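> Chains as they are written, first to last, in this note's numbering: chain A, 1 to 328; chain B, 329 to 510.
It should be emphasised that the hints constitute simulated quantities derived from the structure, not laboratory data. Keep in mind that this is a model prediction, so the values were computed, not measured. For glycine and all other residues, C-beta sits at the position ideal for the given N, C-alpha and C.
Example chain B residues on the side facing chain A (calculated, C-beta under 8 Å, incomplete):
hint : residue
1    : Gln343
2    : Thr346
3    : Leu347
4    : Val350
5    : Phe351
6    : His353
7    : Ile354
8    : Lys356
9    : Ala358
10   : Asp359
11   : Thr360
Chain by chain, the residues:
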Amino acid sequence: MFEFVVGSPLNIVLILGAVLVAAALLIWVERRVLGFLNERLGPNRVGPWGIAQSLADVGKLITKEDWVPPFADKLPFIVAPIIVPVVMLLSFAVIPIAPGVGIMDLNIGLLWVLAMAGLGSYSAMLGGLASNNKFSLLGGLRAAGQMISYEVFMGISILGIVILSDSFNLREIVEAQHKHGWFVFPQFIGFIVFVIAGLAETKRWPFDLAEGESEIISGFNTEYSGMKFGLFFVGEYIGMLLLSALIPVLFFGGWYAPFGLELPNAIISGIFWMCAKTGCWIFFFILVRAALVRPRYDQLMNYGWLVMLPLSLLNLLVTGAVVLAQGN
Amino acid sequence: MINFLCKQLYIIWSQLVTLWLVFTHIFKKADTVEYPDQMPYMFPRWRGRIILSRDPDGEERCVACNLCAVACPVDCIALQKTEDENGRWYPEFFRINFSRCIMCGFCEEACPTHAIQLTPDFEMAEYVRQDMVWEKEDMLISGTGKYHDYNFYKIAGKAIGGKGKGEARNELPPIDRRSLLP
Chain A
1 MFEFVVGSPL NIVLILGAVL VAAALLIWVE RRVLGFLNER LGPNRVGPWG IAQSLADVGK
61 LITKEDWVPP FADKLPFIVA PIIVPVVMLL SFAVIPIAPG VGIMDLNIGL LWVLAMAGLG
121 SYSAMLGGLA SNNKFSLLGG LRAAGQMISY EVFMGISILG IVILSDSFNL REIVEAQHKH
181 GWFVFPQFIG FIVFVIAGLA ETKRWPFDLA EGESEIISGF NTEYSGMKFG LFFVGEYIGM
241 LLLSALIPVL FFGGWYAPFG LELPNAIISG IFWMCAKTGC WIFFFILVRA ALVRPRYDQL
301 MNYGWLVMLP LSLLNLLVTG AVVLAQGN
Chain B
329 MINFLCKQLY IIWSQLVTLW LVFTHIFKKA DTVEYPDQMP YMFPRWRGRI ILSRDPDGEE
389 RCVACNLCAV ACPVDCIALQ KTEDENGRWY PEFFRINFSR CIMCGFCEEA CPTHAIQLTP
449 DFEMAEYVRQ DMVWEKEDML ISGTGKYHDY NFYKIAGKAI GGKGKGEARN ELPPIDRRSL
509 LP
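Kindly generate the complete structure, drawing on both the sequences and the hints.
Okay, structure coming up:
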């Protein structure tokens, strides 16, 4: 019960706790790093370096009135914010963190992540529709269009990896990278498409059209306040964490150390390198938020269907052809 | 087609350059001044809290001419003129409603005696709205403010107790026009 085997209660508790704490901390980390990137300081008042800022934020959100607007469609309005964090946490179940550290060892791990991402788009859609507000509706529509179209190339872009590693199982994908080297190099186009599609999937900057505060107030969560808004908020950060953990697993060798910099214990080394790689990607996404501007909605759609889809299909085609030619 | 590709590559390149430039800013020193811990340097000409100054002899400079109240665009100054036994004019009350004041400094420019002056102090928050109304006793300082030597009654031609006509600085005694007859 208390050993590091995939799916042991110890693992479940530790991973769930770590993900929730990390997601809460990310709220602070993002604001702080954004501050440094903008030559500001960011929140540094609560606790040492402002580290307790998230606690203060959560305290504020919990003590706010849990208000449902009288014109809203009650049931979907309440269900919508619950979907995001649940779905994102479920996706985390298949992320392999180190040998023996993980919650599920699914043979269809990659499909599981994609399926959960697909379910996640319901929350924005339902929230936008149920709010019964023009701006929410616009945000919900945008979220639906954006997430459903970018899911397509997100799926196709990682099929190249499935061909190379011969498996949908995330652990086997990591093992395959240990054998053949990181998949970024053979799958560079797939990698680019995956990062962009993943950004759009988490509705993070610069693809925050569903929220688009300068255009449609706050998009699909305009009418949300208190802990319902908090759930959307935390869900978004868990999504960012998930994406940042998925990219190393798929393209950067997962828990295996680069350049042979292994630590003595395999599990500790695995956890350390996984966290380090995830942290780098989190920083990159914050940097992207600080640097890039939001495209127009038609530009987003054009870019997706006219550039990303052909690119990912081409990548799939070439990968398949090369593997076929080599294999026989 | 080639053109299109070149344009797309250029766009991607410009995005990468943007990312790099923003990244370099993480190593730069933050511009933030952490205000309550670290007081900013306030320039002497900053238009902040309004004071009433005294002349070098320690008398009130204000002569209650009402020019500041006229100049005030938000009508936040109220005062009433009165006179002492020497014939000096001074305000009976002088009241500024700082919840209306916009710190424009027009009153300072309008003042003929350098009495009303704006200072670099900007920390004027109050918990009770009524406390935003400042009386003369609250605003009158014991010093001369920005103009150390200026003394209106020593320069102006008005006769007051202890200073007759023609005794002001740079002033000649009044001429008896009848003595100029040919």
